[in-house]
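Engineer: Sequence lines, in order, name chains H, L, Y and E.
If you read the first sequence in the working numbering, its first letter stands for residue 699, the second for the next number, and so on.
If you read the second sequence in the working numbering, its first letter stands for residue 699, the second for the next number, and so on.
If you read the third sequence in the working numbering, its first letter stands for residue 699, the second for the next number, and so on.
If you read the fourth sequence in the working numbering, its first letter stands for residue 699, the second for the next number, and so on.
Since the hints were derived computationally from the structure, they do not count as laboratory data.
There may be inaccurate statements among the hints.
When chains are identical, the list treats them as one kind, so a pair holds in a single copy or across two.
To be verified - When the alpha-carbon atoms are kept at most 30 Å apart in a straight line, the in silico DSSO-like pairs for lysine-lysine are as follows:
#1 752 <-> 921
#2 752 <-> 837
#3 837 <-> 715
#4 854 <-> 910
#5 881 <-> 715
#6 877 <-> 752
#7 842 <-> 924
There are 4 protein chains.
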Amino acid sequence: MSQYQDIKESCFEANMKLPQLGLVLFTFGNVSVVDRQKGVFAIKPSGVPYETLKVEDIVIVDFEANGVEGQMRPSSDTKTHAVLYQHWEGIGAIVHTHSTYATAWAQAQMDIPILGTTHADHLTVDVPCAPPMSDEMIKGNYEKETGFQILQDFEKRGYDYKEVEMVLLGNHAPFTWGKTADKAVYNSAVLEEIARMAYLSCTINPQVPRLKDALIDKHYERKHGKNAYYGQE
Amino acid sequence: MSQYQDIKESCFEANMKLPQLGLVLFTFGNVSVVDRQKGVFAIKPSGVPYETLKVEDIVIVDFEANGVEGQMRPSSDTKTHAVLYQHWEGIGAIVHTHSTYATAWAQAQMDIPILGTTHADHLTVDVPCAPPMSDEMIKGNYEKETGFQILQDFEKRGYDYKEVEMVLLGNHAPFTWGKTADKAVYNSAVLEEIARMAYLSCTINPQVPRLKDALIDKHYERKHGKNAYYGQE
Amino acid sequence: MSQYQDIKESCFEANMKLPQLGLVLFTFGNVSVVDRQKGVFAIKPSGVPYETLKVEDIVIVDFEANGVEGQMRPSSDTKTHAVLYQHWEGIGAIVHTHSTYATAWAQAQMDIPILGTTHADHLTVDVPCAPPMSDEMIKGNYEKETGFQILQDFEKRGYDYKEVEMVLLGNHAPFTWGKTADKAVYNSAVLEEIARMAYLSCTINPQVPRLKDALIDKHYERKHGKNAYYGQE
Amino acid sequence: MSQYQDIKESCFEANMKLPQLGLVLFTFGNVSVVDRQKGVFAIKPSGVPYETLKVEDIVIVDFEANGVEGQMRPSSDTKTHAVLYQHWEGIGAIVHTHSTYATAWAQAQMDIPILGTTHADHLTVDVPCAPPMSDEMIKGNYEKETGFQILQDFEKRGYDYKEVEMVLLGNHAPFTWGKTADKAVYNSAVLEEIARMAYLSCTINPQVPRLKDALIDKHYERKHGKNAYYGQE
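The whole structure should be built from the sequences, with the hints applied where relevant.
Structural biologist: See the structure below:
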């Protein structure tokens with residue numbers, strides 16, 4: 699049995715949740731799960747349909763995206779995952795989808811404005827949409843540069859990846875992450891729902907105001923603050 | 699067996715209907731059911747997924763939201779439910795969801811205009827959207843003030859909670875209620891459909907007129923008036 | 699066994715198709731099936747959920763909507779069905795739903811413009827939206843007047859109910875019909891899809907032109923004309 | 699056993715995927731599969747519901763759309779398929795649907811603009827919408843002319859059917875194709891998702907810019923170029 703069996707299994711299970719949650723069509727998505735002690739992560743193989751995906755198909759690579767274990771070619775987005783793992787040490791898993799509403803905002807090159815408490819329960823700022831990359835970055839090491847584009851956008855905005863666990867890449871689609879695979883997948887589903895609600899609010903009322911600061915703080919604090927009182931922990 | 703077994707069971711069953719009706723994602727919703735003689739109500743525990751929820755997880759609290767029975771922490775919205783039960787004596791159950799279209803209207807801070815007989819079969823006025831609370835209310839006893847914000851909006855509009863069994867809380871999401879748990883859940887599903895139809899009508903025809911008064915009266919009367927002739931009773 | 703067993707069964711089966719086709723929420727719809735030789739029609743009882751509906755619940759009434767057989771109260775829309783059966787002798791069944799997109803157009807008080815061949819395969823004109831009734835009609839024998847409002851709108855437009863088997867009632871919702879129960883239900887599903895496509899086309903391109911006459915004629919003729927070559931008959 | 703058994707079976711299986719992928723209502727779609735050596739193709743019979751369709755119902759016709767084998771009348775769109783097979787020798791299968799969002803764009807008579815990498819992963823240009831035919835073409839051999847309208851539009855735009863495997867026919871609906879039946883069906887589902895995302899992006903941001911050229915080239919190349927690194931081949 700593989701010494702990476704645990705992350706292969708959790709990676710497999712997390713990938714299988716994407717079609718169940720309605721977040722992917724065909725192979726348009728992938729999840730990775732990291733083992734920081736071993737310096738590797740598990741990721742979905744490229745272009746394999748979810749209906750036939752098996753645990754043993756999951757590929758193990760290092761933080762330079764070099765193959766470590768597995769017969770198949772890893773996801774074409776592997777280098778993007780690698781860059782994020784390298785720079786954001788608190789991340790345990792990353793999810794990439796082309797979920798419909800989140801991708802529609804990414805294509806529109808717009809941040810998703812914070813309009814309600816559904817959004818504020820999860821993050822206190824607009825969902826950032828990183829601008830499309832420069833031609834140089836695109837023509838260079840594209841997937842690696844995709845990771846750097848995300849890092850630079852967070853740096854420029856002064857965002858903390860532990861507080862904001864999702865991003866839209868302009869013209870492309872969303873990435874989400876979290877301490878665990880469950881949380882990263884949860885964030886992808888939440889992002890899609892936030893994106894859908896904001897689409898509806900903005901098209902019914904183009905002058906919709908952003909959520910007031912007091913509500914943003916309150917909802918985030920009750921779920922994530924020191925005295926959080928949401929959930930059972 | 700608990701002396702509150704009956705409301706725990708009906709509360710459990712009503713909660714389980716929310717995902718079946720497509721009204722909740724993950725844990726974004728809760729139902730409570732009251733026992734007025736015993737002065738308590740049953741409510742969903744906070745943050746517990748519907749897939750694993752069991753009857754014995756349901757929490758019993760009094761009208762001040764103090765715990766009476768149950769191992770788990772009650773829903774973070776419990777104080778809002780408590781305020782409504784205290785002031786509206788005819789209510790038997792309350793439902794809170796973040797259903798997509800109703801929440802989109804709440805985020806847009808707009809009443810849902812009465813545009814058709816689907817709406818008029820259930821209420822004779824626009825679905826009210828209570829404005830977001832003042833900063834003082836938000837920073838204070840937030841969930842309790844949420845209940846008062848709803849009460850005050852109904853008072854200001856001159857609405858009767860027995861006639862209008864639903865409200866949007868601006869920037870947040872809908873609450874519905876009814877004499878029974880079934881009716882309260884039914885109202886949440888009806889509200890979501892009304893919200894969706896009104897969204898479509900308003901985006902295809904921004905000048906859509908409100909329903910004429912004669913039709914409002916007729917449809918409401920045939921379902922709820924003295925000589926009602928809808929249904930089998 | 700009832701002498702009306704055959705229309706009770708086909709009425710029951712046709713009603714059960716409405717939730718399967720996603721055309722009704724709760725009890726928001728009804729189908730009737732006529733027996734012209736016996737001068738009666740079978741119709742869904744009022745307010746009975748589809749999950750519990752049984753063949754023996756179906757009610758038999760005459761063309762004045764008087765009860766002929768059955769324990770339950772017939773649909774509150776029974777008089778509308780009766781008027782249409784009285785005046786349009788070629789109709790075998792009628793369907794009323796509050797399907798989402800068709801109802802949204804009815805609420806918007808707009809005809810559904812003919813924009814494509816999906817529409818032209820079924821009718822050669824815009825789907826008519828009859829205007830809301832006058833206050834006098836509403837306050838009078840409302841459901842009966844609903845039938846007359848539809849008749850008058852067709853007369854005014856010069857439409858033939860055999861060529862145009864669907865109508866929107868302004869502020870209310872759609873009615874469809876056909877020679878058979880299957881065809882009437884089919885028309886309700888087609889109308890909902892036409893309504894949805896037209897909504898999307900009109901919101902993406904508000905200047906969308908109506909379908910050109912040559913295409914309207916061609917598509918309708920190939921399906922319904924003398925030399926029709928669609929289908930197996 | 700028929701000498702065309704293999705294409706009859708793959709044609710049947712491909713047709714059955716259309717309702718599974720949510721691309722057809724009732725009988726609004728058809729797939730054909732060609733056998734170039736025998737000079738025939740297999741196609742769905744006209745107007746037969748997917749629920750009752752059987753392998754032996756599939757009809758075999760030649761490239762002039764003359765019947766070769768089968769009891770049933772072939773799809774009314776058969777001549778359109780025949781023209782495309784005659785002129786585009788690299789095509790192995792053709793799919794025609796009235797899928798909702800793609801048809802909405804066809805009705806709006808608009809190309810679907812290339813706005814994101816989901817689109818660019820499949821084609822480097824806007825999805826072409828061929829203009830509605832002239833009255834002469836419509837009144838003539840309509841379905842045959844439909845094929846020529848597609849051919850002429852591709853010629854006028856300088857598009858290669860091997861690079862652009864989908865088209866909208868203005869006022870009508872989409873056609874897609876591919877080397878295999880699987881690929882042609884896949885293209886229909888991808889087109890519907892691209893159409894939906896573009897609808898959402900354009901309605902939330904009417905000034906949305908087209909995807910930059912560097913991104914178009916990069917995404918297409920990584921999936922289809924000489925050094926493609928997507929998938930397992």
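Engineer: For every hint, state whether the structure bears it out.
Structural biologist: Hint by hint, here is what the structure shows:
{"no.": "1", "hint": "752 <-> 921", "in the structure": "between (36 Å within a copy, 23 Å between copies)"}
{"no.": "2", "hint": "752 <-> 837", "in the structure": "neither (34 Å within a copy, 50 Å between copies)"}
{"no.": "3", "hint": "837 <-> 715", "in the structure": "neither (33 Å within a copy, 38 Å between copies)"}
{"no.": "4", "hint": "854 <-> 910", "in the structure": "both (23 Å within a copy, 23 Å between copies)"}
{"no.": "5", "hint": "881 <-> 715", "in the structure": "both (12 Å within a copy, 25 Å between copies)"}
{"no.": "6", "hint": "877 <-> 752", "in the structure": "both (24 Å within a copy, 28 Å between copies)"}
{"no.": "7", "hint": "842 <-> 924", "in the structure": "between (36 Å within a copy, 20 Å between copies)"}
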